[in-house]
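Novice: Start from the sequences, fold in the hints, and give me the full structure.
What follows is the residue order along each chain.
Protein chains: 4
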Amino acid sequence: MLISKKRWLVEWGDCDPADIVFYPRYLEWFDACTTALFKSAGLPIEELFKDFGVVGIPLVDVRARFIVPSTYGDELVAESQVTEFRRSSFVLRHQIFRKELLAVEGFETRVWTGRDPENPTRLKAQTLPKEVIRRLSNERGGEAAVP
Amino acid sequence: MLISKKRWLVEWGDCDPADIVFYPRYLEWFDACTTALFKSAGLPIEELFKDFGVVGIPLVDVRARFIVPSTYGDELVAESQVTEFRRSSFVLRHQIFRKELLAVEGFETRVWTGRDPENPTRLKAQTLPKEVIRRLSNERGGEAAVP
Amino acid sequence: MLISKKRWLVEWGDCDPADIVFYPRYLEWFDACTTALFKSAGLPIEELFKDFGVVGIPLVDVRARFIVPSTYGDELVAESQVTEFRRSSFVLRHQIFRKELLAVEGFETRVWTGRDPENPTRLKAQTLPKEVIRRLSNERGGEAAVP
Amino acid sequence: MLISKKRWLVEWGDCDPADIVFYPRYLEWFDACTTALFKSAGLPIEELFKDFGVVGIPLVDVRARFIVPSTYGDELVAESQVTEFRRSSFVLRHQIFRKELLAVEGFETRVWTGRDPENPTRLKAQTLPKEVIRRLSNERGGEAAVP
Chain A
6 MLISKKRWLV
16 EWGDCDPADI
26 VFYPRYLEWF
36 DACTTALFKS
46 AGLPIEELFK
56 DFGVVGIPLV
66 DVRARFIVPS
76 TYGDELVAES
86 QVTEFRRSSF
96 VLRHQIFRKE
106 LLAVEGFETR
116 VWTGRDPENP
126 TRLKAQTLPK
136 EVIRRLSNER
146 GGEAAVP
Chain B
6 MLISKKRWLV
16 EWGDCDPADI
26 VFYPRYLEWF
36 DACTTALFKS
46 AGLPIEELFK
56 DFGVVGIPLV
66 DVRARFIVPS
76 TYGDELVAES
86 QVTEFRRSSF
96 VLRHQIFRKE
106 LLAVEGFETR
116 VWTGRDPENP
126 TRLKAQTLPK
136 EVIRRLSNER
146 GGEAAVP
Chain C
6 MLISKKRWLV
16 EWGDCDPADI
26 VFYPRYLEWF
36 DACTTALFKS
46 AGLPIEELFK
56 DFGVVGIPLV
66 DVRARFIVPS
76 TYGDELVAES
86 QVTEFRRSSF
96 VLRHQIFRKE
106 LLAVEGFETR
116 VWTGRDPENP
126 TRLKAQTLPK
136 EVIRRLSNER
146 GGEAAVP
Chain D
6 MLISKKRWLV
16 EWGDCDPADI
26 VFYPRYLEWF
36 DACTTALFKS
46 AGLPIEELFK
56 DFGVVGIPLV
66 DVRARFIVPS
76 TYGDELVAES
86 QVTEFRRSSF
96 VLRHQIFRKE
106 LLAVEGFETR
116 VWTGRDPENP
126 TRLKAQTLPK
136 EVIRRLSNER
146 GGEAAVP
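Protein chains in written order, with the working numbering: chain A, 6 to 152; chain B, 6 to 152; chain C, 6 to 152; chain D, 6 to 152.
Heads up, a few of these hints could be off.
No distinction is drawn between identical chains; accordingly, a pair holds when it is met within one copy or between any pair of copies.
As the list claims (entries may be wrong) - In the SDA-like style, the derived pairs of lysine to any residue whose C-alpha atoms are separated by at most 20 Å in a straight line are:
1) LYS55 - ILE138
2) LYS55 - ARG127
3) LYS135 - GLN86
4) LYS10 - ARG103
5) LYS10 - PHE54
6) LYS55 - ASN124
7) LYS104 - PHE90
8) LYS104 - THR126
9) LYS129 - LEU107
10) LYS10 - ARG92
11) LYS10 - ASP79
By construction, these hints were calculated from the structure, which means they are not laboratory data.
The model shown is predicted, which means the values in this text are computed figures rather than measured ones.
Specialist: This is the structure:
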């Protein structure tokens, strides 16, 4: 599977009065890591949805374990990859490291979602395109594309 | 177990370009629901940590299922309760409803956390006080306290 | 002018390691207060944009003064109103109070914005409808609508 | 004056249903840019507050102009510098560019804040240290420190 890496700083505003990251921030970062993985696969989000006629890849399920707390000024590195493809959904794993230590691990189950042709105000799951699966599976392409 | 309810509106800024709630917002709401549950139990967060010598109740684990999407203008209602007490941690369940329909369900595992007496810059799990368990378990007290 | 009120609690996750509200949260609340003002005027956001063919009311300018800090557990009350109508923009004032004290005051200049008919991927300012001005100016209607 | 640069991507979750950045995000970025400027000056935030006995640099005033909207996938670059030093406060200017175009400009007035010695639960403005002024004024040091 293609693995993408993302690196960022924990900001002051990411932290709460206990001086550690307010936990929903990690889920915002999972979302950004998913975008980074698609970009690594040559599927940048600003073109992805138009090219494939989808409106988004919303979640049906998320799980996360918080192992080591982080605080402002810490540098975090995430490794993200798909761990499972289903018909219209897929599972992503994000591992966030602080100084080589696994700090947070999360799994997102996302659905390839378009407009319902019978009622365009509603969303509807769509079959995951082969091209998307191929690109997210391509180990070589991914490494090359990581900036 | 004590059950608390919380009601709020989905705001424009909670939603993403797919016109639905950006999913980390639900986890922010879980956090606010946990605060509301403690308040219902007569343990308001602004006194809780000072009274019991803790610095927070950070998460070690979270799971959520997203069943029905919501958008700006929707009114959501959450029901929150503890589903399990352990030595120094506890599990909370949050059920978020839109028009009587279960829209999101989540489980947070949180740890009762103080300063490590041997190194005050570090956090350390502490035994959950009996008083806190009693209050979060008290069905009657909770109903009375819900505003 | 119509004045709307909004009341909410400062949450744990709204605060930073200095134990006070992380300041961009106030701007998120300004946005929610603007939505509340429109709702008070009988213009709920979930219908507003469809009814009037706009895609949003983005900002061109914001100013805010932070007078008294707030922390988690504090109850805040905001009073919001339009202070000036221009051709396609308008100025809103939000005053946030903590225990009767003016804590934050802000002014947002927003533009009534639709799709550019010549290029629907671009946004374009549109003349503010008379109906919208009338409703936001109506003192009596507003008081009635505040929940 | 020392000028620091920061570069980042607009994420999906930064944008609202009008497909443009939800405006309070810019203020979060201003905060991160302030941190980056201090880091460029050799004053990383994780040491700054301990070294100088302050608890934060909260805002008393902010102004921003939103000139060009941005959306997910856009790369933004900010240039930040102090434009004025006062006794215990200072003014920062942040200019955010998209493709060489000035997209957002903001001014933050921040206060050098410590605990009130007579009541440590309260915050109190403190005289800005000469060392901090010197470092934020040092053009040469800044350029070297930008990563």
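Novice: Kindly indicate which numbered hints from before are broken by the structure, ordering the numbers from low to high.
Specialist: 5, 7, 10
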